[in-house]
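K.L.:
Work from the hints to combine the two standalone chains into their complex.
As given, the protein sequences belong to chains A and B, one line each in that order.
In terms of the numbering used here, the first sequence is residues 4 to 133.
In terms of the numbering used here, the second sequence is residues 6 to 92.
If you're looking for bench data, these hints aren't it; they were derived computationally from the structure.
We treat Cβ as the ideally placed atom computed from N, Cα and C, and that holds for glycine.
Don't take each hint at face value.
Some chain B residues flagged as far from chain A (calculated, every beta-carbon gap over 12 Å) [as the list claims (entries may be wrong)]:
#, residue
1, His36
2, Lys37
3, Glu38
4, Lys39
5, Asn40
6, Glu41
7, Gly42
8, Gly43
9, Ala44
10, Thr48
11, His60
12, Glu61
13, Asn91
Computed cross-link-like contacts, SDA-like style, restricted to lysine to any residue with a CA-CA straight-line distance of at most 25 Å [unchecked claim]:
#, chain 1, residue 1, chain 2, residue 2
14, B, Lys80, A, Thr22
15, A, Lys84, A, Tyr67
16, B, Lys8, A, Pro56
17, A, Lys93, A, Gly65
18, A, Lys35, A, Gln61
19, B, Lys86, A, Tyr24
20, B, Lys87, A, Leu66
21, A, Lys35, A, Gln60
22, A, Lys78, A, Lys90
23, B, Lys92, A, Thr14
24, A, Lys19, A, Lys84
25, A, Lys90, A, His119
26, B, Lys86, A, Asp47
27, A, Lys78, B, Leu12
28, B, Lys8, B, Asn89
29, A, Lys90, B, Ala13
30, B, Lys10, A, Thr22
31, B, Lys10, A, Leu66
32, A, Lys6, B, Lys92
33, A, Lys19, B, His70
34, B, Lys87, A, Arg99
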Amino acid sequence: MPKLRHLAIKTEDTGKLATFYMDVFEMQVLHKDRKEGGAVYLTDGYFNLAILPNNEQQSPNGLYHFGFEVENGEKIVERLKKFNPNKMPKQRPNGRPYAETRSSDIDGNFFDISEHGFQVVQPVGGKEEN
Amino acid sequence: MPKIKHLAIRTEDTGKLATFYMDVFEMQMLHKEKNEGGAIFLTDGYFNLAILPNHEQNAPNGLYHFGFEVESGEKIVDRMKKVNPNK
Numbered sequence: 004m005p006k007l008r009h010l011a012i013k014t015e016d017t018g019k020l021a022t023f024y025m026d027v028f029e030m031q032v033l034h035k036d037r038k039e040g041g042a043v044y045l046t047d048g049y050f051n052l053a054i055l056p057n058n059e060q061q062s063p064n065g066l067y068h069f070g071f072e073v074e075n076g077e078k079i080v081e082r083l084k085k086f087n088p089n090k091m092p093k094q095r096p097n098g099r100p101y102a103e104t105r106s107s108d109i110d111g112n113f114f115d116i117s118e119h120g121f122q123v124v125q126p127v128g129g130k131e132e133n
Numbered sequence: 006m007p008k009i010k011h012l013a014i015r016t017e018d019t020g021k022l023a024t025f026y027m028d029v030f031e032m033q034m035l036h037k038e039k040n041e042g043g044a045i046f047l048t049d050g051y052f053n054l055a056i057l058p059n060h061e062q063n064a065p066n067g068l069y070h071f072g073f074e075v076e077s078g079e080k081i082v083d084r085m086k087k088v089n090p091n092k
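Here chain B stands alone, though its shape is the one from the complex (with noise of 0.2 Å):
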C-alpha cells in the first residue's frame, strides 16, 4: 500500500525553521544542500520533512505539498489518468 512519508514547507529562512523543528521536535537532518539557505530534509525516522528555500517569492511561504512512497509509480500513474485524463 503507498504510504505518505514526506512534506515539504517554503520559507525564506531554511536554517532557522529547519532549527526549529530540530529543537522542539528532536528532528534529525537527513540531507542539506550546500549552497547557503539551500534545502534542508529533516527525518523523525519515517518522515521526511523538507524544508525548502523560497527566494524566487513564486508562491506564498508554508505547506507546499507532499509525497506519497509507492511500489508501482505507473500503476499509480494508471489510476490517475482514470480520475483526470487531462492532467
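Bound-form chain A, shown alone (with noise of 0.2 Å):
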C-alpha cells in the first residue's frame, strides 16, 4: 500500500524553520542542500519533512505540496490518467534527493510520488539539472 511519507514546507528562512523542528520536536536533518538558505531535509525516523527555500517568491510561504513512497509509480500514474487524462504526472528533475515523479489531485493539491523513498538520499534519475 503506498505511504505517505513526505512534506515539504517553503519558507524564507531555511535554517530558521528547521532548528524550530528540531529543537521542539526533536526532528534530526537528513540531508541539506549545500548553498548557503537551501533546502534542509528532517526526519523524525519515518517521516520526511522538507525545508524548502522560497526566495524565487513565486508562491506563498507555507505548506507546498506533501508525497507518497510507492511500489509501483507506474500503475499510480495509471489511476492518475483515469481521474484527469489531460493532466498527465510529470518527472522531477535530475539530481533531486528523493521523488520521481511530480502530480496533483482533483483540487489541484500537489503531490510527489517516489518509488525510491523518502528516507534514503541518492540522487534520482543523474546529475541534477539547474
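P.N.:
Here it is, written out as C-alpha cells:
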C-alpha cells in the first residue's frame, strides 16, 4: 500500500525553520543542500519534512506539497490518468534527492510519487539539472 | 520522539477528494462525519489524512495543517514558549 511519508514547506529562512522543528520536535537533519539558505530535509525516523527555500517568491510561504512512497509508480500513474487524462504526472528534474514524479489531485494539491522513498538520500535520475 | 502522523486538506467536496485518494493511493476510511459533506479521515495504516470541508470559505482550499503525535504535550508546549513566548 502507498505510504504518505513526505511534506514540504516553503520559507524564506530554511535554517531558522529547520531549527524550530529540531528544537521543539526533536527532528533530525537527513540532508542539507550545500548552498547557503538551501533546502533542509528533516526526519522523525519515518516521515520526511522538507524545508524548502522560497527565495524566488513565486508562491506563498507555507505548506507546499506532500509525497507518497509507492511500490509501483507506473500503476499510480495509470490510475491518475483515469481521473484526469489531460493532466499527466511530470517527471522531476534529475538529481533531486527523493521523488521521481510530481502530480496533483483533483483540487490541484501537489504531491510527489516516489519508488525510491524519502529516507535514503540518493539523487534520482542522474545529475541535477539547473 | 514526536512523529508527524497527520495532514489536513481543505476542499469544497470532501467525498470527491476522499474518493480520489482511496482509488489512486489505496487509502482506507478511518472515520467519516455523519453530516452530508462533512470531514473524512483516511489512513494508509500509519498516517492520517484529513479531508476537511471548506464550506465557510474562510480560508483557501488546499493544504491546511499537519500534526505531530507526541508522548508529552506539556514538554512540547514548554519548548514552544522558549522559541516564541508571545504565541
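K.L.:
Give me the numbers of the hints this structure contradicts, sorted from smallest to largest.
P.N.:
10, 24, 32, 34
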